[in-house]
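With chain A's structure known, arrange chain B on it following the hints.
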Amino acid sequence: MSREILKVESLKAHGLEPVSFLVSHGECLAIDGPSGAGKTVLLRAIADLDPAPGQVFLEGVERNAFSGPEWRKCVRYVAAEPGWWEETPRAHFESRGGFDEILVALGLKTAQLDQSLRQLSTGERQRMALVRSVFDKPQVLLLDEPTGALDSKSSKLAEGLIKRLLKDGHSVLLVSHDPAQVARLAKRKLVIQDGKVREAAVRGARR
Amino acid sequence: MTQTSYVALTYWDLAFAAALILINGGLSVAFRLGIERTLFISAIRMTVQLMAIGFVLKFIFAQTSPLWTLGLALVMVLLAGREAMARQTHRYKGWWAYGLGTTTLLFVGLLAVLFGVGVLIRPDPWYAPRFVLPILGMILGNTLTGISLGLETLSTSARRERAAIEARIALGSPRFEALSTVTRQALKTGMMPIINAMAATGIVALPGMMTGQILAGVDPVEATKYQLLIMFLIGGGTALGVLLAVLGGARLLTDDRHRLRLDRLMEEK
Numbered sequence: 001m002s003r004e005i006l007k008v009e010s011l012k013a014h015g016l017e018p019v020s021f022l023v024s025h026g027e028c029l030a031i032d033g034p035s036g037a038g039k040t041v042l043l044r045a046i047a048d049l050d051p052a053p054g055q056v057f058l059e060g061v062e063r064n065a066f067s068g069p070e071w072r073k074c075v076r077y078v079a080a081e082p083g084w085w086e087e088t089p090r091a092h093f094e095s096r097g098g099f100d101e102i103l104v105a106l107g108l109k110t111a112q113l114d115q116s117l118r119q120l121s122t123g124e125r126q127r128m129a130l131v132r133s134v135f136d137k138p139q140v141l142l143l144d145e146p147t148g149a150l151d152s153k154s155s156k157l158a159e160g161l162i163k164r165l166l167k168d169g170h171s172v173l174l175v176s177h178d179p180a181q182v183a184r185l186a187k188r189k190l191v192i193q194d195g196k197v198r199e200a201a202v203r204g205a206r207r
Numbered sequence: 001m002t003q004t005s006y007v008a009l010t011y012w013d014l015a016f017a018a019a020l021i022l023i024n025g026g027l028s029v030a031f032r033l034g035i036e037r038t039l040f041i042s043a044i045r046m047t048v049q050l051m052a053i054g055f056v057l058k059f060i061f062a063q064t065s066p067l068w069t070l071g072l073a074l075v076m077v078l079l080a081g082r083e084a085m086a087r088q089t090h091r092y093k094g095w096w097a098y099g100l101g102t103t104t105l106l107f108v109g110l111l112a113v114l115f116g117v118g119v120l121i122r123p124d125p126w127y128a129p130r131f132v133l134p135i136l137g138m139i140l141g142n143t144l145t146g147i148s149l150g151l152e153t154l155s156t157s158a159r160r161e162r163a164a165i166e167a168r169i170a171l172g173s174p175r176f177e178a179l180s181t182v183t184r185q186a187l188k189t190g191m192m193p194i195i196n197a198m199a200a201t202g203i204v205a206l207p208g209m210m211t212g213q214i215l216a217g218v219d220p221v222e223a224t225k226y227q228l229l230i231m232f233l234i235g236g237g238t239a240l241g242v243l244l245a246v247l248g249g250a251r252l253l254t255d256d257r258h259r260l261r262l263d264r265l266m267e268e269k
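Protein sequence lines, in the order shown, are assigned to chains A and B. Under our numbering, the first residue of the first sequence is numbered 1, with each subsequent residue one higher. Under our numbering, the first residue of the second sequence is numbered 1, with each subsequent residue one higher.
For the record, the hints were derived by calculation from the structure and aren't laboratory data. Treat the hints with caution; some may be incorrect.
Computed cross-link-like contacts, SDA-like style, restricted to lysine to any residue with a CA-CA straight-line distance of at most 25 Å [claimed, not checked]: (1) B:K93 - B:M198; (2) A:K73 - B:K188; (3) A:K12 - B:R261; (4) A:K7 - B:K188; (5) A:K12 - A:R188; (6) A:K137 - B:M198; (7) A:K73 - B:T181; (8) A:K137 - B:K188; (9) A:K137 - B:R257; (10) A:K163 - A:R118; (11) A:K137 - B:P174; (12) A:K12 - A:L22; (13) A:K12 - B:T181; (14) B:K188 - B:M198.
Okay, chain A solo, but in the shape it has when bound (with noise of 0.2 Å):
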């Protein structure tokens, strides 16, 4: 196994540089910069929903290997405003069960699942987001605020499973306007201004 899980080359995000960086095993890799430098630009081409030239290998594997739905199971974007299509929350999921587990660590309930999803809180509706995001455990995750709309209790609660998941070699690119969340996960960030992309050291870093 090498010890890179993402490695992205020379990858040419509409409106930025070309970008090439690696993110570990178990690595939270911050992303960080103003509103509209391109953030999300970078995270939707990784995951393929945008055309982006450049190379981005799995586990050595460039991502042309795979089939752009096989590639978005194991490097899977979760947006800032999540998007529905069913009446509840359970429809959305392809799987009968084995996120009880996930639903809990986020501090919602199980009859919250067959709730119309209007009835759900913003705050409720993004931490459905992130449990139909990672109950099938993608390799990768991009997510992009994923406490954007959290009030410090969900927040915490979602930090806490967010470690839970490096913690099992998964790995997060972690869009994030809180510094004090990226201090607590991340030890590295890239930062974009003015199209251009560098990698920094995270101040204060606890991880």
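Chain B in isolation, oriented as in the chain A frame:
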């Protein structure tokens, strides 16, 4: 038989009837609607277009040549394809803007004519323009409505439901699964007009073709049989056309990496 006698109209009859348009004109002037000019131009256009097509058809019917029939049929398909494109708020970029509707209409028109004229009605010769062209026209007109409604629904819903579609794609759904909700909406919307027309036919309105045959002296029951045949052809043609166009549209809105490609739609003018 007296009921089969056909009464020919003179140009004087038409001129008298045309005077009725003056009522519309008077209405526009009296209430200052400002539509006299448009009304006048529309009436002239209608007269010229219909007279022209009358002479063209008379000429082509006299030839009874497969080539002439095919030629006019192709012109009809191309015009219908152009109309299907003109009705879209967000057209596809490039050749497909025109190609999707036209290809579908060509395929459906060909199939419906071959089936309707070649298998069911079987005139002699089978390519007799008197049968082929009116049937093609009715098929194209109705399929065109279905296709443009279906494609319009597909592109507007895909734009509106973008977050949901991309959530499915990000979770690893293949493109047609990710688009299934909007595809279903588009298929349903595209097929509604013909289903509604079937339900209303005979009660609310007597279809134009049947009325025409009755005026020309055909027995009403025979005219009804023809009308039913046409309605079934139109129903099948519309269903097939809407299916092909919407699935083709869904394919164009995604790429071989199963990404949603709304950038392939033009912005609203």
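Quick one: which hint numbers does this structure break? Sort them smallest to largest. Structure breaks hints 1, 2, 4, 6, 8, 10 and 13.
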